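2 protein chains.
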Amino acid sequence: MQGTAERADIERVVREVVLGHLRPAAVARAAPSPLVVNVSARHMHVCQTDLDRLFGPGHELTPLRPLYQKGHFAAEETVTLVGPKRRLISNLRILGPPRSATQVELAFSDAVALGLEDVPIRLSGDVKGSAGGYVLGPNGMIEMKEGIIRAALHVHMGPADAEFYGVRHKDMMRLRVGGPAGLVFERVLVRVDPSFRLEVHMDTDEANACGLHLTKDVELLKAGGPSPRQEESER
Amino acid sequence: MQGTAERADIERVVREVVLGHLRPAAVARAAPSPLVVNVSARHMHVCQTDLDRLFGPGHELTPLRPLYQKGHFAAEETVTLVGPKRRLISNLRILGPPRSATQVELAFSDAVALGLEDVPIRLSGDVKGSAGGYVLGPNGMIEMKEGIIRAALHVHMGPADAEFYGVRHKDMMRLRVGGPAGLVFERVLVRVDPSFRLEVHMDTDEANACGLHLTKDVELLKAGGPSPRQEESER
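Read top to bottom, the protein sequences are chains A and B. So for the first sequence, numbering that gives the first Met the number 0 puts the first residue at 0; every next one is plus one. So for the second sequence, numbering that gives the first Met the number 0 puts the first residue at 0; every next one is plus one.
If you are wondering where the hints come from, they were derived from the structure by calculation, not from laboratory data. Please read all numbers here as calculations on a predicted model, not as lab measurements. Treat the hints with care, as some may be off.
Stated by the list, open to error - The following residues of chain A were derived to be distant from chain B, with all beta-carbon distances above 10 Å:
(1) P33
(2) R85
(3) F107
Said to hold, decoys possible - List time: in silico DSSO-like cross-link candidates among lysine-lysine, alpha-carbon distance up to 30 Å:
(4) A:K221 / B:K215
(5) B:K169 / A:K215
(6) B:K127 / A:K169
(7) A:K215 / B:K127
(8) B:K221 / A:K215
Beta carbons are placed, not taken as given, at the ideal position from N, Cα and C, and that holds for glycine.
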């Protein structure tokens with residue numbers, strides 16, 4: 000009995016050790032997509048009605064370069080944005096294709112430069128009660144009563160990526176950025192759509208603060224999940 | 000016996016409850032100082048030799064307003080900083096008193112605006128091999144061969160605060176910022192000096208990224224310490 004018990008114990012320990020080592024590799028599903036983090040400089044989305052006013056009736060945007068999300072592009076067309084103190088942002092680029100509603104996305108530093116003090120942080124499309132301004136194009140001017148926001152830090156993903164990360168549309172995730180200005184963004188909004196490719200969009204303030212150009216060490220983490228790797232306490 | 004045991008049990012429970020509630024307040028040392036987080040806009044520190052060249056021999060800085068650290072002040076004097084592509088930053092404010100070496104502290108967004116591509120993240124005073132430029136004052140011009148840095152996010156503290164947080168000079172800490180753009184800065188450099196008041200200094204990019212003006216929920220944490228409070232996974 001003693002010998003049998005020992006053998007059972009050993010078998011159990013071996014099984015635990017082997018499974019313990021193999022389990023992560025064997026069970027973990029491979030990430031469906033590489034993690035891409037891109038910086039969105041200030042830009043404008045425009046509806047066809049406003050496009051007609053700014054660039055002329057029936058105007059169609061001319062793609063300058065494609066964006067990472069399929070079908071999206073930076074257009075050749077730019078406008079001038081005028082803030083409440085008649086300060087300007089020139090060469091504000093339009094992103095296509097046209098949308099159902101016109102919207103301007105600024106970083107807070109852009110808003111400060113423009114003299115706008117209350118630009119809310121919003122999910123794209125949620126512009127009710129946001130800031131307003133005037134937009135000048137070669138064919139005319141429009142007044143935006145609202146629609147100027149700072150876009151909430153967000154991650155686009157398709158259903159397979161959402162399943163991999165265990166998140167749903169409008170969940171919050173965390174993004175750890177390493178390097179010399181390392182930080183963890185705690186409120187990364189998840190946007191799930193079958194057409195989306197896995198991509199984090201941050202604005203220029205966020206990219207500058209975390210020194211994104213200085214590191215490739217980025218990690219997308221489920222909110223409430225394990226704590227990200229700790230930095231050493233001295234360097 | 001039964002009555003005695005019950006009474007002992009009740010006494011034990013009461014003792015545990017009372018001590019459990021009282022212990023944190025009774026044992027925890029009170030924080031020596033309130034946590035202050037201030038934003039450092041781009042600025043210049045200047046040595047007396049450069050001050051003489053820029054503003055005239057023997058020039059003394061005129062305090063405009065005191066800063067939170069004792070004896071430090073924003074001066075009335077400003078200069079124009081010229082980058083490598085002859086782009087300018089006008090009205091760059093000098094902070095006093097004069098130092099042993101001239102140094103310019105920019106946010107990355109300032110550096111981009113100035114056309115400087117390689118501004119290193121450094122502890123104040125550590126400028127070897129950093130970026131250079133020209134500085135124009137009313138009395139003349141100086142060439143900075145180096146000395147333009149992005150100041151590493153840091154916290155000033157005196158010895159009592161250092162003891163309270165369990166950190167030493169040049170340790171790294173974490174700063175959790177709550178609110179709608181919540182994030183955790185993972186590399187907050189500790190600067191200990193008997194003259195220092197407890198104060199975190201972040202630059203304008205960092206303040207804009209974390210929406211510092213939108214929240215008072217800030218917390219200084221020891222690196223490697225307990226994970227900061229998790230945000231809810233949905234909002």
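Of the numbered hints stated previously, which ones are contradicted by the structure, given in increasing order? 3, 6
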